[in-house]
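**Student:** Once you've looked at the hints, go ahead and assemble the two chains, each given alone in its own frame, into the complex.
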Amino acid sequence: DAKTTQPTSMDCAEGRAANLPCNHSTISGNEYVYWYRQIHSQGPQYIIHGLKNNETNEMASLIITEDRKSSTLILPHATLRDTAVYYCIVRVPNTGNQFYFGTGTSLTVIP
Amino acid sequence: GAVVSQHPSRVICKSGTSVKIECRSLDFQATTMFWYRQFPKQSLMLMATSNEGSKATYEQGVEKDKFLINHASLTLSTLTVTSAHPEDSSFYICSALGDPEAFFGQGTRLTVV
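So the sequences go chain by chain: A and B. Position one of the first sequence corresponds to residue 1 (this note's numbering), numbered consecutively onward. Position one of the second sequence corresponds to residue 1 (this note's numbering), numbered consecutively onward.
Bound-form chain B, shown alone (with noise of 0.2 Å):
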């Protein structure tokens, strides 16, 4: 299958601060992207759609302020995570969509201290 990169895969970071997550499709060009939120022994749930060139569109109950999409290039979105607080520590997932499938990347373990 296709290879979706995410970096970093591991970040601590001081509470206050912000953190980017890269999300990149190495093999094929992705048009629309996801992001996913994973606490402990829950399962993934949906953040985000990305769609290269407009803007984000948004789950219901998701602060489009603090967490900023943008995929600006077909092969490339990201994920900022504005004014971290420790609540907000959380596995982070992303994923491209190909036809029909779509692939996720390794995810990004956030810890805000």
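With the rest of the complex left out, here is chain A (with noise of 0.2 Å):
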């Protein structure tokens, strides 16, 4: 039951910032947008998540729009190990609420 819809995949240069879309224009007040990656094979590892106001930490930023119907993940220097699915989620914290998972995009950080 995603509400979430991403880029089926895109490459980026190694060094170079990635920049992963997101539309949830379906997105309710108190749902907050969550990023994850999962690398091959692996199970799904958090990255960061939001509300409204734009977020930071050490692996990605994340920058949500003022209306929060778009958000973009930003890996500001892309590595070779940063090649991964990416999924966006949203959902109220603090609750026994599930995460659905989406198509997700596919990110290959080329050499």
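Read the hints as simulated data drawn from the structure, not as lab findings. A few of these clues could be false.
Subject to a maximum C-alpha distance of 27 Å in a straight line, what follows is the list of computed DSSO-like cross-link-like pairs (lysine-lysine) [unchecked claim]: (1) A:Lys52 / A:Lys69; (2) A:Lys3 / A:Lys52; (3) B:Lys64 / A:Lys3; (4) B:Lys20 / B:Lys55; (5) B:Lys41 / A:Lys3; (6) B:Lys41 / B:Lys64.
Here are some of the chain A residues that sit facing chain B, going by a computed Cβ distance under 10 Å [stated by the list, open to error]: (7) Gln42; (8) Gly43; (9) Phe99; (10) Phe101.
Even glycine gets a Cβ: it sits at the ideal position worked out from N, Cα and C.
**Tutor:** Listed below in structure tokens is the structure:
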């Protein structure tokens, strides 16, 4: 029951910023935007989450538009190890609400 | 982040037998755990939500009698695939709900022959 839309695939040159967009036009006021990534044959890894303000951590930055209908995950200096499928998920935190995964974006970092 | 451990990482079983997969939250107590299934080149599909001390809640289309979930403690949930068939071959992933994110295990590759 995914409520997000992401491009199927993207390429990024090593060392450059990778900007991964996500559309969540039906997001509710109390839903957060979460990003996870999955490297081949592993479990998903949490990256970042946010409500309406831009967020940054050691892995990435999350930019959420003012109307909250879309967001962009930014990997500032992509490395080959960032090649993975990136999933954008909307969810209400601090509840038992599930994490539903959409199709995600397959990011390939090119040397 | 927190550590969630799944065991086994790979298992091969004969058709008609049952297989149990364990999911352990190693450094925090997880009241809620999730079980997912992932087929090749596809996304994760949520199978069920497991709550400690109560019955699991299954997603539509998931057979509860085939995929038995037990969450008897705050650190352990198990998924048993009963009477496995080749079409049950898949990558099974568990997740423990933290605050505010969920932490995922490394997955179990099940092959039914």
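**Student:** Can you confirm whether the C-alpha distance between lysine 41 of chain B and lysine 3 of chain A stays at or below 27 Å?
**Tutor:** OK: lysine 41 of chain B and lysine 3 of chain A at ~20 Å, within 27 Å.
**Student:** At a threshold of 10 Å, is the proposed contact between phenylalanine 99 of chain A and chain B supported by beta-carbon distances?
**Tutor:** Because about 5 Å separates phenylalanine 99 of chain A from the closest Cβ in chain B, which is inside the 10 Å limit, the hint holds.
**Student:** For lysine 64 of chain B and lysine 3 of chain A, compute the direct alpha-carbon distance and say whether it is at most 27 Å.
**Tutor:** This hinted pair holds, its Cα atoms lying about 26 Å apart.
**Student:** Is lysine 20 of chain B close enough to lysine 55 of chain B, meaning Cα to Cα at most 27 Å?
**Tutor:** holds, 17 Å
**Student:** For the hint on phenylalanine 101 of chain A, does the least C-beta distance to chain B fall short of 10 Å?
**Tutor:** Given a least distance of 4 Å, the restraint on phenylalanine 101 of chain A holds.
**Student:** Measuring from the C-beta of glutamine 42 of chain A to each C-beta in chain B, is the shortest one below 10 Å?
**Tutor:** It holds, given that the least Cβ distance between glutamine 42 of chain A and chain B is near 6 Å, below 10 Å.
**Student:** Are the Cα atoms of lysine 41 of chain B and lysine 64 of chain B separated by 27 Å or less?
**Tutor:** Distance of about 25 Å is within 27 Å: holds.
**Student:** CA of lysine 3 of chain A to CA of lysine 52 of chain A, is that 27 Å or under?
**Tutor:** With a Cα-Cα distance of about 17 Å, the restraint between lysine 3 of chain A and lysine 52 of chain A holds, given a limit of 27 Å.
**Student:** Lysine 52 of chain A and lysine 69 of chain A: Cα distance at most 27 Å?
**Tutor:** holds, 10 Å
**Student:** Take the shortest C-beta to C-beta distance between glycine 43 of chain A and chain B; is it under 10 Å?
**Tutor:** holds, 3 Å
The structure agrees with every numbered hint stated previously.
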